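Working from the sequences, and respecting the hints, build out all of it.
As they're listed, the protein sequences go chains A and B. My numbering applies: residue 1 is where the first sequence begins, and numbers increase by one. My numbering applies: residue 1001 is where the second sequence begins, and numbers increase by one.
In short, the hints are calculated from the structure, not lab data. Incorrect hints may have been included.
[What the hints assert, rightly or not] Residues from chain A that face chain B, not an exhaustive set, calculated with beta carbons under 10 angstroms:
id, residue
1, 44
2, 111
3, 193
4, 195
5, 200
6, 329
7, 331
8, 338
9, 361
10, 365
Since this is a predicted model, take the numbers as computed values, not measurements. We treat Cβ as the ideally placed atom computed from N, Cα and C, and that holds for glycine.
One letter stands for each residue in the lines below.
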Amino acid sequence: MTRAPSSTVHDNPFMKPMEWISLALLVAVIFLVLPMLLDAFRLNLVGKYLTYSFVALGLVICWGFGGILSLGQGVFFGLGGYLMAMYLKLEASSVENTKIQSTPGIPDFMDWNQITELPWFWKPFTSLPFTLLAVIVVPAFFAFVIGTAMFRRRVGGTYFAIITQAIAAILTILIVGQQGYTGGINGITDLRTLHGWDIRTDRAHNILYFVNGGLLVACILFAQYVKRSKLGRILVAMRDKEDRVRFSGYQVASFKTFAFCLAAVFAAIGGAMFTLQVGFMSPSFVGIVPSIEMVIYAAVGGRLSLFGAVWGTLLVNWAKTTFSESFPELWLFGLGGLFILVVLAFPNGLAGIYRTYVEPRLTRRVKALEPAPAVALPHAAE
Amino acid sequence: MAESKGNGLQSALRRRLLMGLAGVPAIALMPRMSFAAGPATATVNTTGLAVTDTEVTVGILHSATGTMAISETGSIQAEKLAISQINEAGGVLGRKIKIIQEDGASDWPTFAEKAKKLLVNDHCAAVMGCWTSASRKAALPVFEQYNGLLYYPTFYEGLEQSKNVIYTGQEATQQILESLNWVAKEKGAKTFFFIGSDYIWPRTSNKIARKHIENVLKTKVVGEEYFPLGHTQFNSVINKLKLTKPDVIFTDVVGGSNVAFYKQLKAAGIDLSKQTLLTISVTEDEIDGIGGDNIAGAYSCMKYFQSLKNPNNEKFVAAFHKMWGEKTVIGDVTQAAYLGPFLWKMAVEKAGSFDVDKVAAASAGIEFKEAPEGYVKIHPNHHLWSKTRVAKALPSGQFEVVYESPELIEPNPFPKGYQ
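Structure below.
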């Protein structure tokens, strides 16, 4: 058996010059152009859209590279969001804020549902470090359990997609049904402060926007690291010829589980940032419809491109907001038209357009300018 | 963060410039305006709302798309009708009302986003909107944070009171207690079976109903079942109904589930002319979907029915049909939505200002004598004093009123002994 040809550092750099340019462009748009052009309200909206792009990014790894189509990413987005919301809600439910309730000091929806004591699984969420840890660990564990159970039994392709969809439906029903513990269909609303810091002000929204952007860039870099590592190549190999990888002696299930867990963690980070910026969380982000919508973001952006995923998310959500503001009664048709157009005309999404029409020209230019211009590595987190 | 600070200055400057520019064409328009000159804008608008010398901007925020569109369309129509009538009569403080409509898309976070847009970007002086409790709960923090004013039309569960909201529908005790008294007295009901959709409004309403049945009427609840929103299989609960044989089926099933529920009830041979069924969630709008034949004989408890006989209502129904077509039906919430713009207009005129704080403070005690439901008055807790009516569903899809509370009922969103 021959080993996969190992490449030297030279012909496998961390990112190709074009990718550096893409990154620089994204960073410039997120950190400079948008904050300069948009007012506080619109910037907060973009911040909200960017939280979805975490999910799209996860889907690029899991679906684009690994070939595992998950139609249940809303589950992880929702988990991250709900865990964060639990912490924020407990902080907003101080005895003083809730003195009109029959039991002061517990979240308002519990009081409406005749619950008189904080349930045990809510108690640890008074601690911020625990919450932050839980936002990462709980979805990862959940994804690990699902992944192990499915991939070890060699459940894949369409069956896996259907099962993830079922899980999204189950979690929604659970959240809606247990409204005393979860806030039901209303979700967890009226969140106010993060560790004493008011998250509702324009200034806080601004800061959260930059934190969000920083985390997104960090996730992109991590995804890029995975993509160019051996692991990333095995993922692609698995997608194209799973049996051959298995017969070469690789534990296919473990690699798949890893990709799925990573996508889950990305989605959860997005969910937590969503809760912080929007100020509430509801089951309408957990179910089947939002999960599929998130797949559409990745598809529009191009499922093979990390940057495409972010642009796709921004484009679709921008179109959604703009259409719905201009044509409150007809906007869904416009949005539907956009999806059909993209899928029919550009099956590889925005990234496909870029690769076919823009990149060849740019590459020629860049080649002419060798050596490639140095681009400073942006800060991973603000 | 330096660039964002600089940007703040820039955008404020830009906005001011744009506002100045926007005023230029208005000057040319002014002589042509037919509106009586009202008080100067600077005195009636001290908080930067979208008020010019000739116009005031009001938002409408309902679901025009998605599952709730079927219910909320009536509210949008009623609000547009009310605003056009106000404009025909000379506007508010000499200013014509301009509408900015946004779509909540049956999605609660979208309601919050659009509410923020209406307040922060458009500076709406008031917003008529929201329908489900969930959408109100999502938008409420936005209205409180940016000090907006929301007119909320739906009958709801209570347990809420905000300076920034005027609740033009009934809260749960207003709607429920009278009707339970009526059914106990008129039908001699001793046993009740509750069936509801699984969310906050039915659960809270049933809690209030249970306390009243057990503690005041001294009778019994023999069953209580909840189903997820959109549920369409009611066979199991219908079997339980056949076993327990309650005197009264008390339902608060909402939306599309109603269609399945009443059809299956009929198919199972439960005849509503013999079995008493009292619902607090079916208006003329829902019957449109259920079909009059399927629900004929059931009793509904609301503050308004299209068939109410009084001059105000006859005028309202005629105007509504003229604007939106003869076939449209008018349910309880549609009527409550119609009240919003008028109550706002009267409060603004009483306050002599569009400022939200002043309008909110002036709202208590506002009386609207031309309301289609009859006389209404705003309570200091921002809910309305109103009558409650029980009506029987007819095969035509309309209701025949069989009982009306003699007095206006005081709104009590935090009822003692019912929580």
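Review point. Failing hints, ascending?
Key: Hints 3, 4, 8, 9 and 10 are the ones this structure does not satisfy, whereas the remaining hints hold.
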